[in-house]
Structures are given as C-alpha cells and as structure tokens.
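Top to bottom, those sequences are chains X and H. Numbering-wise, the first sequence is residues 26 to 596 according to the numbering used here. Numbering-wise, the second sequence is residues 9 to 208 according to the numbering used here.
Pair ranges (Cβ atoms, derived):
| # | chain 1 | residue 1 | chain 2 | residue 2 | range |
| --- | --- | --- | --- | --- | --- |
| 1 | H | G178 | X | I161 | 38 to 44 Å |
| 2 | X | A232 | H | F43 | 15 to 21 Å |
| 3 | X | F78 | H | R21 | 51 to 57 Å |
| 4 | X | F338 | H | W131 | 33 to 39 Å |
Short, incomplete list of chain X residues facing chain H, as computed with Cβ under 8 Å:
| # | residue |
| --- | --- |
| 5 | V144 |
| 6 | I216 |
| 7 | P228 |
| 8 | V253 |
| 9 | A258 |
| 10 | M262 |
| 11 | G270 |
| 12 | T271 |
| 13 | G272 |
| 14 | G279 |
| 15 | N572 |
| 16 | V573 |
Derived from the structure by calculation, the hints contain no laboratory data. Glycine included, every Cβ here is placed at the ideal spot set by N, Cα and C.
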Amino acid sequence: MADTAVDVHHGEHAHDDHHGPSGILKYIWSTDHKIIAMQYMFTGMFMAVIGGFMAYVFRMQLAFPGISVPGFGQVSPGEYNALVTNHGSIMIFWVAMPVLIAAFGNYLIPLMIGADDMVFPKINRLSYQVFLLSAIILLVSLFVEGGGFGGAWTSYPPLSASGEYNQTDLGSSLWLAAVAIEFVAFLLGGINFIVTLMNSRAPGMKAYDIPLVCWMIVIASILFMLSVGPLVAGAVMLFFDQTIGTGFYDPARGGDPILWQHLFWFFGHPEVYVVLLPAIGITVDVIATFARKKIFGYKMVLYTAVATGVLSFFVWAHHQFIAGIDPRMANVFTVTTLLISVPIAEMCFVIIATLYGGAIRLTTPMLWALAFMAEFLIGGVTGIFLGASGADIYFHDTYFVLAHFHYTFFPIAIIGTFCGFTYWFPKMFGRMMNDTLGKIHFWGTIIPFNFIFIPLFVLGMGGQHRRIYNYEHFPELAGADMYQLRQIATIALLVMLAFQLVFFYNWFVSLAKGEKAGKNPWKSNTLEWTTESPPPHGNWPKDELPNVYRGPYEYGHPDREEDYWPQNLPS
Amino acid sequence: MSAESATYPIDSRPAPVKREPIIPNGVLGMLIFIFTEVMFFAGLISAHAIVRSQAAGQMWPPYGQPRLPVEQTALNSLALLVSGIVLVFAWFAYRREVSAARIPLLLAIVLGGVFVGFQGVEWTALLAEGLTIQSSTYGGFFYLIVGAHAIHAVGALLGLGWAFHRLDKGTLTASQLGTVSAFWYFVVLVWPVLYWKVYL
Chain X
26 MADTAVDVHH GEHAHDDHHG PSGILKYIWS TDHKIIAMQY MFTGMFMAVI GGFMAYVFRM
86 QLAFPGISVP GFGQVSPGEY NALVTNHGSI MIFWVAMPVL IAAFGNYLIP LMIGADDMVF
146 PKINRLSYQV FLLSAIILLV SLFVEGGGFG GAWTSYPPLS ASGEYNQTDL GSSLWLAAVA
206 IEFVAFLLGG INFIVTLMNS RAPGMKAYDI PLVCWMIVIA SILFMLSVGP LVAGAVMLFF
266 DQTIGTGFYD PARGGDPILW QHLFWFFGHP EVYVVLLPAI GITVDVIATF ARKKIFGYKM
326 VLYTAVATGV LSFFVWAHHQ FIAGIDPRMA NVFTVTTLLI SVPIAEMCFV IIATLYGGAI
386 RLTTPMLWAL AFMAEFLIGG VTGIFLGASG ADIYFHDTYF VLAHFHYTFF PIAIIGTFCG
446 FTYWFPKMFG RMMNDTLGKI HFWGTIIPFN FIFIPLFVLG MGGQHRRIYN YEHFPELAGA
506 DMYQLRQIAT IALLVMLAFQ LVFFYNWFVS LAKGEKAGKN PWKSNTLEWT TESPPPHGNW
566 PKDELPNVYR GPYEYGHPDR EEDYWPQNLP S
Chain H
9 MSAESATYPI DSRPAPVKRE PIIPNGVLGM LIFIFTEVMF FAGLISAHAI VRSQAAGQMW
69 PPYGQPRLPV EQTALNSLAL LVSGIVLVFA WFAYRREVSA ARIPLLLAIV LGGVFVGFQG
129 VEWTALLAEG LTIQSSTYGG FFYLIVGAHA IHAVGALLGL GWAFHRLDKG TLTASQLGTV
189 SAFWYFVVLV WPVLYWKVYL
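Looking at chain H on its own, in the form it has when it is part of the complex (with noise of 0.2 Å):
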C-alpha cells in the first residue's frame, strides 16, 4: 500500500477538472475505423503477393489474360491525387472562413469521381478482352482489390457530399468535416499502394 501511495499520491491530487477531448469524436471513430480498413487491404494484398509468388512458371499475368492498363490508370491515379491535395485546402479554407470551403470540396468530389469513372471505363474494356473475376485467379484478385477500393471510394464520396450538402445549409462542423476526410484521405493514400501491388 505504502509504496504504491509513494508512487501515485493519493491526496495530493488536484480537483478534478472536465478536459476537453484531444481528438473529437467522430475523428476518433473514424480513425480506428482506418485502421481496420488498413488490415482489411492489407490481408487482401498478402494473399494477392501468396497466389502471385506461386503462379505457375511465374507468369503473371498468367498465359492468355490481357495486361492491365497500366499508363492509364497511372493518369487516372493523378486525379485521386491532386483530389486528396485539394480537400486538404478545402479543410484550411474551412478554418479560415466556412463558406471559402465550397470550391475546394466541391472540385475534390469532382475529382474523385472523375477517378471513380475512369476506373469503370477501364473495366468494361477488360471485360470485353476477357479478363473476368472467374477467368483466372489474375482476375479474380484484381477485380476483388481493385472493387473493393472502388467501392470504399464510393462511399467517401457520398460522406463528402454529405459534408457538402451540410455546408450549403450551413450546419457543417468541423468535427464532421474533419471525420468524412480523413476516410478520403484513407481512399486516396491506399490507392498508390495497391496500384504498386496489382498493376505493376
């Protein structure tokens, strides 16, 4: 008792007093729900690199599958970029005045969709040259991951719409403004991991 008192006074504290919190909450969750999304990507890209490593003569793409685009979606990845660049402007306009922020969100949303679309133009044309889910574990690997952040993808931009539509009534905090982000944030700095992994 007494040497643990010695160490961690017991009645020389002072008052208690209401902290505010260091992350606000909705920044808090979402984060940790980053990081499970991380392991998420993280185990789909280990089991890709285990099929990949054991590939039949070490073909990859394995025999008769077409190559992936991979100049395009290079361009393409440009887009989600400077889209992840500008919502970081979009977050020091909000700071500075609410309203300077609409610019910058809305072109990032823009971006992001343009990122969203090209991905799906590609599809259809790998589609059409008979790279399918099915046809190969090539396939099925790249429509899985790269799906998998397509839809992530998605569903950031619909949290940044949200975010937009709240600036517009003027409602939006920066707690949530803050909260949406970081998930694009997550969306976009995934992306050139997995473009490293499954295209090149």
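Chain X on its own, in the form it takes in the complex (with noise of 0.2 Å):
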C-alpha cells in the first residue's frame, strides 16, 4: 500500500486479506487482483464461447436459409432476433469490457506499477461479483417466456419500450437490467483502476515511468466514467418505459425516441474508445518488447490518446444521421468524426516508427501485435465513409457497416486479447506456451477471418440490409452471386472458429507440460518480469517491492551490454 500513514484505515484491510481465506474459496472469495483477474478472464472467455456460437447459428441461417442448424435446429425469426442481438451485447459488454479493462487491468496495473494489490481489494471483488450477476441474468434472459431480447444491441425505443412492439416483454426488461448490473461492477473496477495508477505507484515511478498499457486501461476507465451516465439515466427511462407504463420515449405521450439514441450513443461511441486503448496499450508493450527497440514518442501516445479521449464525446450523432437530424449538425459531426481519425492514425505511425530499425522477434504475441495494427486500420479507413455524412445516407444500416466495426471490435476484442494473452501467459501461469501452436492458431484465425468480413463489405455496396433474417423475401438481395458471398463468409467464419480449438489444446497442454518461464522469458523491462511466475499473493515479498530508476522501454541502450535495461536496476 502507498498510503499506509494518510490512509491507515484502508492498509489496514490490503493487510488483513493477505490472509484470507484457504481452499477452494480462495479462488472464489478472493481479494486478491490477479484471481479477480482471472475470474473475469475465464467468464469473458465462456462468454465469448457463447458469443461466438451464436455467431455461427445465425451465419449458417443467412448462408443456407432454412436449413437444421446443426447442435441448435431450426432458426426462427423470433430466436434470429435474439440472437443478433445477444451476440453483439455479449461480445461488447461480456467479452471485450470484462476481458481488456477488467482482467488485464486487474492483472497487469497493480504488477507493472509495483504494488502489492489495488488499493480497494474488497471493492474489486464485488465489482466480479456484480458482473457474474449481470452475466447469468444475461444468459437466463435467453431462456424466458417469449425469449431473448431481440430488438438490437442498441434497444431502440419505441421498439424495445413495449411487449406489444418486441415481443419479448420479460426478455428486453432482463437484457436492459443486466446491461445497467454490469456498469454497476465496471464503475466499481474503474474507481479502483484510477485511484491504484494514481497513489500507489512503486517509489520512483513518475508519470513517464508508467508503462503505456496501464495509462492506456485508466484512460479508457475515465472515458468509460464520464460517458456512462447519461446511458444510466436513460436505462431507467427505457426500464420504466417498459415496466412502469411510462411514456419518456413514447411519442403519443409527449415522449421522444430519438433521445434514446443520443443518449446511448454519447455512450456508445466513446465505449469504442473505451476497449480500444487498452488493445493499442498491449500492443504497444508487446511490439516495444519485440522489436527491441524503445517506443518511438512515449509522450505523443500518451496524449494522442487522451486527445482521442477528449474529441470521442463529440462524435456520437454520426449514428443518427439518418434519423433526421438538422443537416448543420449532422456536418459539425462529420467534422468531428473525421478528426477522431488522426490520432489513430498517428498512433498507427507510431508503432511503424518503433519497428523501424529494430531488431524484431517474431514470436506469437509480436504477430498479434501487428496484426492488431494492420486489421485496425482496415476498420478505420471503411470508417471515413461512414463518418461522412453524404455517403453514410447509402451505407447507413447496410453490411458495410456491420464489416466496418467488425474490422474495428475483432482486432480490439479478440487480436488484442489473444497478443496480451499469449505475452502475458507465461506470468500467469509460470509456463511458456507453444510457439508452434500458438503460430497455427494465429493464421487460422486472421485469414479465415478476413474471409468472413471482406465478402461482407461487398455486400453491403451492393445493398444488403443488416437485420434481415431471409434474404428469399427480396428479390434484388437473393441472386446467386450475393448468396456465394454470404457462403464464403459463413464457411470462413466455421474455419475460424475450428481453429479455436488449437488456442484451448495449446492452453491445457502448455499449462501442463509447457516449457518452465522462469521470471523474465521474453528479457522485458516493466516490474511485472521481476517477480516470479506466477507472481506470489502480495506480488513480491514484503520487503522486496521495487523502486523504480527508469521509463519502461529502455531497449537497446548503447551503454549496457544486455539489450534491456529493468526499470528497477539502479544502475
């Protein structure tokens, strides 16, 4: 603890967990950040397992209309609805929130600063138990009278406000109150998240001094803080819209549903930030480490992404352009949204200026990490035509859209997942994993995957409409041309997820027989590497927490011998 004479009342507590309970509820009842981590790591990764069945369920009823989806049947409108919808709430709010920020925050904040655990330990763990409430609310919202919400990841109203519209009166009512439950456990971890980086930082770690990644998290956490209010308060609207006969967004009573949408979307937007950061800070620190080589502006990234934080808030009524918003505002907005792409960009010429003249290993966490990048930017540029506002008029709710942010959310989700997962494994779980496997699953999942969404962004300019459960009812959509299209997709997409089962057979086999890491596998600068793998209860021993002498990429340095230089060396 860093605070223990300003603060005694709370070092009291860090000290007192440290020994806590024994067993098997250590696992469970633990204040401990890096089981908090886990915690979320495994529930996010079985919702992602979820999340991606579903993804194959309604791929194979747009590709083969109709038929038995094998391990689920038949696939009504109703159940396609649902399905849709569960998918993208599952995968933004259930996979890459809890996954990104909670269980790499959880993990790697309080290990790369040198503390011995986040400073409000029981807050955290209530934060995982508020959100595995929220996860199993989610899952038995699909199993209830009338089934799962169906009306969208974004609930519109007036669609989503009444069971006369969506059908799924209980379903849209326990989709919302779990959405509102896991901001409830995403403030607490972000407060925790915040307060950590800021006051217990190791004795002579300074502003600089901190690794990108953990800047990165607590941006997102304050960007996730500042823009999540609004979407509360019109969660209750929306709720009591559906439960209490209200009419906040019902026209006929004075209502209003647009407010909705901009409601969820000052949201929503900045929440694509929110899981962005982290991605880009763990690709930072993995391509850092691999290139050997010190980041290119430590300085710029960090501010480019507070400046990307800064204009995110005013970006959101690109999502409305269709929705008869005055043409002068829907200009501001495509001004500003066309902004918000410099500093990605120069985020993108950052890591290529670091990889310049560097001396790069291609292990599998380095491939992830440039593949984060080049895959990102395919997202971002297919982003300029949908922020203009002119041309959004034809894109607006078609395929190019959905490939667009697919480009965008996969990189995010799941290419920044598996580069942090796959560097940080062997401090985990004190093994190294397989290259060789690790390299299999790496292709198998970039090129099937370029497969799936490339045919999507073909099909969108040719005019095909998301939220179609069957394109034989429209006959400009169902030629056998657009259909190959969708095959291929659906084909890749079951490639993809085939190629899965390699990233789990190489996780259970590493963790068994894996190679032993040792304490700094990869020869990395940041604290985390100088306590053993995996690291004790309380990170280091008592009287070993480290001081800190230096920034975190000093690779390469011309003076030393080694090309690495650990940020708690004194010399």
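Mind docking these for me? Both chains are given alone in their own frames, and the hints should help you get the complex.
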C-alpha cells in the first residue's frame, strides 16, 4: 500500500486480506487482484464461446436459409433477432469490456506499477461478483417466456420500450437490467484502477515511467466513467417505460424516441475507445519488447490517447445521420468524426516508427500485435466513408457498416486479447506456450477473419441490409452471386471457429507440459517481470517491493551489454 | 535515443522516495464517483430539457397537471443548503479537535433528514392531486429526477450516520469523514441546479 500514513484504515484492510480464506474459497472469495483478473478472464472467455456459437447459428441461417443448423435446429425469425442482439451485447459488454479492461487491468496495473494489490481490494471483489450476476441475468433472459431480447444491442425505442412491439416482454427488461448491473461492476472496477494508478505507484515511478498499457486502461476507465452516466439515466427511463408504463420515449404521450439514440450513443461511441485504448496499450508494449527498441514518442502516444478520449465525446451523432437530425448538425459531426481518425493514425505511425530499425522477433504475441495494427487500419479507413454524412446515407444499416465495425472490434476484442494473453501467459501460469501451435492458431484466425468480412463489405456496397432474417423475400438481394458471398463468409467463420480449438489445446498442453518460464522469459523491462511467475500473493515479498529508476522502454541502450534495462535496476 | 535522453535524463535522477498521495484513496475514489454522478444528472436534465422544449403548445406543465410547490420547496431547499454549510464547520471542528465535530455533524444529518422528509410530504400531496409518474412526461421527469436525488440524499445520509457512529467509537479517520462529506456536498450542490431546471 502506498498510503500507510494517510489512510490507515484502508491500509489495515489490505494487510488483513493477505491472510484470507484458503482452499477452494481462495479462488472464489479472494481479494487478490490476480485471482479476480482470472475470474474476469475465464468468465469473458466463456461468454466469448457463447457469443461465437450465436454467430455460427445466424451465419448458417443467412448462408443456407431454412436449414436445420447442427447443434441448434431451425432458426425462427424471433430466435434470429435474439441471436444477433445477444451476440452483439455479449461480445461488447461481456467479452471486450471484462477481458480487455477488467481482466488485463486487474492483472497488470498493480504488477506493472509495483504495488501489492489494488487500493480497494474488497470493492474489487464486489465488482466481479456484480459482473457475474449481470452475466447470469443475461443468460437467463435467453430462456424466459418469449425468448431473449431481439431489438438489437442498441435497443432503440419504441421497439424496445414495449412488449407489444418486441414480443419479448420479460426478455427485454432482463436484458436492460443485465446491462445496467454490468455498468455498476465496471464503475467499481474503474474507480479502483484510477485510484491505484494515481496513489500506489512504486517509489520513483513518475507519470512518464508508467507502462503505456496501464495508462491506456486508466484513460479508458476515465472515459467510461464520464460517458456512462447519461446512458444509465436513459436506461432507467427505458426500464420505466417497459415496466411501469411511463412515456419517456413514446411520442404519442409527449416523449421522444430519438432521445434514447442520443443518450445511448453519447456512451456508445466513447465506449469504442474505451475498449480500443487498452488494446492499443497492449500492442504498444508488445511491439516495444519484440522490436527491442524504445517506443517512438512515449509522450506523444499518451497525449494522443487523451486527445482521442476528449474527441470521442463529440462524435456520437454520426449514428443519427438518417434519424432526422438537422443537416447543419450533421456537418459538425462529420468534421469531428473525421478528425478523430488523426490521433488514431498517429498511433499507427508511432508503431511503424518503433518497428523501424528494431531487432524484430516474430514471436506469437508479436504477430498478434502486428495483425492488430494491420486489421484495425482497414476498420479505420472504412470508417471514413461512414463518418461522412453524405456517403453514410447510402451505407447506413448495410453490411458495409457491419463489416466496418467488425474490422474494428475483432482486432480490439479478439486480436488484442490474444496478443496480451500470449504475451503475459508465462507470467500468469508460469510456463511458456507452444510457439508453433500459437502460430498455427494465429494464421488460422487471421486468414479466415478476412474471408468473413471482406465479402460482407462487398455485400454491403451491393445494398444488403442488416437485421434481415431471410433474403429470399428480397428478390434483388437473393441472387446466386450474393448467396455465394454469404456462403464464403459463413464457411470462413466455421474454419475460424475450428482453429480456436488449437488455442484451447495449446493452453491446456502448455499448462501441463510447457517449458518453465522463469521470471523474465521475454527479457522485458517492466516491473511484472521482476517477480516470480506466477507472482505470489502480495506480488513481491514484503520487503522487496521494487523501486523504479527509469522509464519502461529502455531497450537497446548503447551503454549496456544487454539490450534491455529493467526499470528496477539502480544502474 | 539521444534526443529523448536529453529531454529526460535517465542517469541523473534522484533516488526513489516513497511519496504520500496528494488526495487520500477514499476521497479520490469518491471524487471519481461524483464525476460519474454529475454526468448521470446531466443526462437526466438534458433529456428533460429536450422533452420540455418539444411539449405541445409549449405548455409546461401540460394541461390538467398540477403546478409544483415552488415556494415550499425553496424553503425546504434552505434546510439542505444550511446542512451543507454546517458540515463544513464539522470538518474544521474535526481538524481542531475530533470530539468537537459531534454536534455539527449531527446537526447536518438532522437538517438533511428534514429536507428528505418534507420532500416526501410534498410527494404525497402531489400524488393526491393526480400527478403520477405515468400521468405525463411532466410528472415522469419530476418523479424521476427528484426521486433520483432523494435516493442519493438517503444514501449520503446513511454515510454520514456511519461516520457519526465511528466518531462516537473514536475510530473515524479524516479520510473517511472527507469521503462521506464529499458525497453529501455533491448532493447539496446538485440540488439548486435540479430545482432551477425542474421547478422553475
């Protein structure tokens, strides 16, 4: 604890917790940040499997309408709606958020800044328990009478506001409750991250000595804190509309349905950057390590992230270009939306400049990091067309939009996660992952990923609309050429899902038989590599908490024999 | 490398020292939470403003809906504001001598309780006059916004009560008092804004 003198109370608590419960309870009722991180990680992966299964079912229906999908059966229109809605909700709220922010944040922040735990360990434990509750409520909502909510993850009223319209009275209320409860969990977690980073750093660690991934997770948490309030306010209003019959979004009773779109996207767009920034942080750290080179422009990356965060609050109305907003307003939001590509492009240039002249090692995490940048770039560039209000009128609600945001979210949530997971796997479990299997899994994921979504770009430009259960009813969209593209995408998805088995196999085999990792297998500088793998309770022995003497990216320093210079070495 | 080293000398750094945080953990955590709460109320108020500006015939309150008790609430708001001021005195008293904080802290709690209680009395009167959360968006936003504030006020009062209990036992730390006070200040300071937007 960094605060022994000032805050005796919290300090005492943290120390008491070091004699916490034992046995199986140690894993369920622990306040150790590493165990909570693992809880988030495993819950997130479990939800990812469910979300992936949903994608498989509705992609089968789209490519081969009316077939009995193996493992699911025939898909009814209502089920199709519930599947696409919950696929989106799960992948964003129950996979990207818990894994990238909660799991990596919990695991990395205390270890990387040289603290023995979070500042509020019990709030941290509560955060996971609330999150688990929200996941259970969401899963229950899929099986209640009427089925799961089918009004899309954006949940626009009036469709979402009344059981009369959406036919899933209970499912939609449970979905909304699950989302709101989940926000409480991240609120508790986010407060912890920010306070820990500010108050618990190792002696000598100044603001510019903090590894970028910690900064990114904390900036993301701040963005989340500032953007979530209006959505919670909107969610309470929608919940009242659904359950006790108020008319906040009902135009017939003086309400305004567009209001929800503004409240939702005021949160929803910063949310994109909430999950993007941690993924960029992971990428930047991995690239510095495996390029054996100092990050090009540490401060620039940091300030760029802050600029992205500020700008992200002024772009939300590009989701309403065809919802009837004032065209002058649309112009303003076009400008802000296109502006936000500048800081993101800058980060890409920083990464390229870091790679230039480095001694690059193409390990599995490095491949994931490079793929992150390459694939995200496609997502970013296609976003320009959607941010321009003129072009968006034609692209709105087509598969072009869908392919665009999958090209951003897949690199963030899947590639970013695999990058971080394979990089910190030795620290988390004490053993190395098999590099060959890792590379097979990498190529088996990246190649099919492009085969899924490039056809969808083409389909979107051909006018294929989203959220349609069966294109047989639209003669202009039911041609053989369009079905061919849909089938390519679906088959590529099957291939990609099959290759995930390699990952799980690699994981379990490496856990049992992997080579012992030692403290610092990647010869990295940051503090988490100075302790045992896996780190003991309290991270370092009580009297050996590290001091910090330099920044986190001192690779290839000319005055040293080795090409790395750990932060904790006095000289 | 060399340019970076010049602006940020690696070797000439002073030895690491343990530094005290500028803001204690509890207070900092509470401040971040308050930022989120400010945005929450900002969301409610802007939703209210948008719906109000679109009201049929610019009638607000809409036809057939009772008027809000503007004057009584203004008086009642005074109790809340005074409670906030008294709590500032409790803080300074605590810094001077711990036990001296007892009376101002208790007074702040009682005044806060008076505010919440009279708001409740007001609600029963309005409900009797036919203003419910379903009767119009006017009633909906009134109960939503004022109700959200009331829930926050009750939560903050429970926090102050907990601080008073610890003060009695002699285990209250400055950081704890600061944490619960920060939340009460938020409840007090957000109220005039809500009053202005909802009642006037």
